Amino acid sequence: MRPRQKQLIYAGLTAILILIWIFYSADDLQTTAVLAGTVRAATLLALGAMCGMIGERSGVVNIGIEGQFLLSAFAAFTIASMTGSLFMGTLAGVGMGLIMGWLLAAMAVGLKVDQIIAGTVLNISALGLTSFFYDRSRSLGIGKYTNIDLGPLAELPLVGTVLFSRPPLTYLTMVLLVVVHIALFRSVWGMRTRAIGEHPGAADTVGIDVLKLRYFNVTIAGGLAGFGGSYLALEAVGTFSRAMSGGRGFLALAVMIFGRRTPFGAYAAALFFGFTTALQNQFQLNNTFDIPPQFVGMLPFVVTIVVVALSGLFGSMRDPAALGQSYEKG
Numbered sequence: 027m028r029p030r031q032k033q034l035i036y037a038g039l040t041a042i043l044i045l046i047w048i049f050y051s052a053d054d055l056q057t058t059a060v061l062a063g064t065v066r067a068a069t070l071l072a073l074g075a076m077c078g079m080i081g082e083r084s085g086v087v088n089i090g091i092e093g094q095f096l097l098s099a100f101a102a103f104t105i106a107s108m109t110g111s112l113f114m115g116t117l118a119g120v121g122m123g124l125i126m127g128w129l130l131a132a133m134a135v136g137l138k139v140d141q142i143i144a145g146t147v148l149n150i151s152a153l154g155l156t157s158f159f160y161d162r163s164r165s166l167g168i169g170k171y172t173n174i175d176l177g178p179l180a181e182l183p184l185v186g187t188v189l190f191s192r193p194p195l196t197y198l199t200m201v202l203l204v205v206v207h208i209a210l211f212r213s214v215w216g217m218r219t220r221a222i223g224e225h226p227g228a229a230d231t232v233g234i235d236v237l238k239l240r241y242f243n244v245t246i247a248g249g250l251a252g253f254g255g256s257y258l259a260l261e262a263v264g265t266f267s268r269a270m271s272g273g274r275g276f277l278a279l280a281v282m283i284f285g286r287r288t289p290f291g292a293y294a295a296a297l298f299f300g301f302t303t304a305l306q307n308q309f310q311l312n313n314t315f316d317i318p319p320q321f322v323g324m325l326p327f328v329v330t331i332v333v334v335a336l337s338g339l340f341g342s343m344r345d346p347a348a349l350g351q352s353y354e355k356g
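Sequential numbering of the sequence shown, starting at 27, is according to the numbering used here.
Calculated directly from the structure, the hints in this document are not laboratory data.
Given the structure is predicted, the values throughout are model-derived calculations rather than measurements.
Mixed in with the good hints, there may be bad ones.
[Claimed, not checked] With a straight-line Cα cutoff of 16 Å, these simulated EDC-like cross-link-like pairs (lysine to aspartate or glutamate) come out: (1) 238 <-> 354; (2) 355 <-> 235; (3) 355 <-> 230; (4) 138 <-> 354.
[Stated by the list, open to error] If you anchor each label on the Cβ, the simulated ranges turn out as follows: (5) 56 <-> 231: 58 to 64 Å; (6) 205 <-> 113: 49 to 55 Å; (7) 109 <-> 347: 44 to 50 Å; (8) 111 <-> 155: 19 to 25 Å; (9) 111 <-> 269: 35 to 41 Å; (10) 351 <-> 172: 41 to 47 Å; (11) 233 <-> 310: 53 to 59 Å.
Ideal Cβ positions, reconstructed from N, Cα and C, are used throughout, including at glycine.
Between the sequences and the hints, there should be enough to build the whole structure, so can you do that?
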């Protein structure tokens, strides 16, 4: 089965779940809340997935997305609180993501540290640093980005509020999906990136500086995760709390793999996982099931495990040939 067919399957599954929810929901406001929550959750997952796929297309595994989300969210919220500017906070989050991307590249590409260990170091460091510097008195919130209505489209029933009345970072994420897709599959940079992830030795022989390009790619990928951290703190939530990334960096890796390391495929998968997250939140708010909320909170992660386990039914997933392998210039 071709990747495009699989992406259509994922999008179809998401659409079916959404239609079932709409059909059985007796409350239009509740339906709108779930669909808006789906887009909100999918946006962060898509940003993390794009971060991961640029790294993996270059041959570098990045399991540090969770830490990049967390520390970037902290930086974004802190600078926004100090300056009173959400825009400056967003830039700070992106900057922190770039720094963490560079650190990952320095460890995994420059020092040739095991890539899994390098990502784990980022995650642990981010959790420790944010917990140490966290100030509860400044976590009351500074406001967040508000919705921008796209003219008459925002007045459409149901989908108007969900798709055409969103905050600015959500719209910018949609633009980034298109930009990353074109860059990866329709540009010289993308061709070289895929080459160093598949056959770095061959790429080196034709004049591509493998180490330099891996450094660059992992660093800019960190910027995408940093943008995700800014989105989390300044648009999705509007505040910062300890460990607020809540495992979404690892979910983003599952989304990336499920989407076959393509931006549009990842976003289709992100909508699927985002729907389970939104549904879980709605269940908790409505107390739909008389069970402890911790079990309801497991829903997105249980779905992730099941989907990854069953993904073999749709064919094997081929990783880039040089994924996870350090490269020594000959």
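Worksheet item: Straight-line Cα separation of residue 238 and residue 354 no greater than 16 Å?
Response: 12 Å, holds
Fill in: Cβ separation of residue 111 and residue 269, checked against the hinted range 35 to 41 Å
Cβ of residue 111 to Cβ of residue 269: about 26 Å, so the range 35 to 41 Å is violated.
Fill in: Proposed proximity, residue 235 with residue 355 (alpha carbon, max 16 Å)
Given pair residue 355, residue 235 holds - Cα atoms ~9 Å apart, limit 16 Å.
Worksheet item: Range hint 19 to 25 Å: satisfied by the CB atoms of residue 111 and residue 155?
Response: About 23 Å separates the Cβ atoms of residue 111 and residue 155, which means 19 to 25 Å holds.
Worksheet entry | Beta-carbon spacing of residue 205 to residue 113 - inside the hinted bounds 49 to 55 Å or not | For residue 113 against residue 205, whose Cβ atoms are near 20 Å apart, the range 49 to 55 Å is violated.
Worksheet item: Given the hint that residue 355 pairs with residue 230, does the C-alpha gap stay at or below 16 Å?
Response: Answer holds: residue 355 to residue 230 is near 8 Å, not above 16 Å.
Worksheet item: Are residue 109 and residue 347 spaced within 44 to 50 Å by their CB atoms?
Response: Since residue 109 and residue 347 have Cβ atoms about 46 Å apart, the given range 44 to 50 Å holds.
Item to complete: Could you say whether the range 53 to 59 Å given as a hint is met by the Cβ separation of residue 233 and residue 310?
Response: 55 Å, holds
Practice prompt. Measure nothing beyond the straight line between the CA atoms of residue 138 and residue 354; if it is 16 Å or shorter, mark the hint as holding.
Written response: Holds - the C-alpha atoms of residue 354 and residue 138 are around 9 Å apart, at most 16 Å.
Discussion item. Holds or violated: the 41 to 47 Å window for the beta-carbon distance between residue 351 and residue 172?
Written reply: Roughly 46 Å apart at Cβ, these two residues keep to the hinted range, so it holds.
Discussion item. Given the hint of 58 to 64 Å, is the C-beta distance from residue 56 to residue 231 inside that range or not?
Written reply: 59 Å, holds
In this structure, the hints that do not hold are numbers 6 and 9, in rising order.
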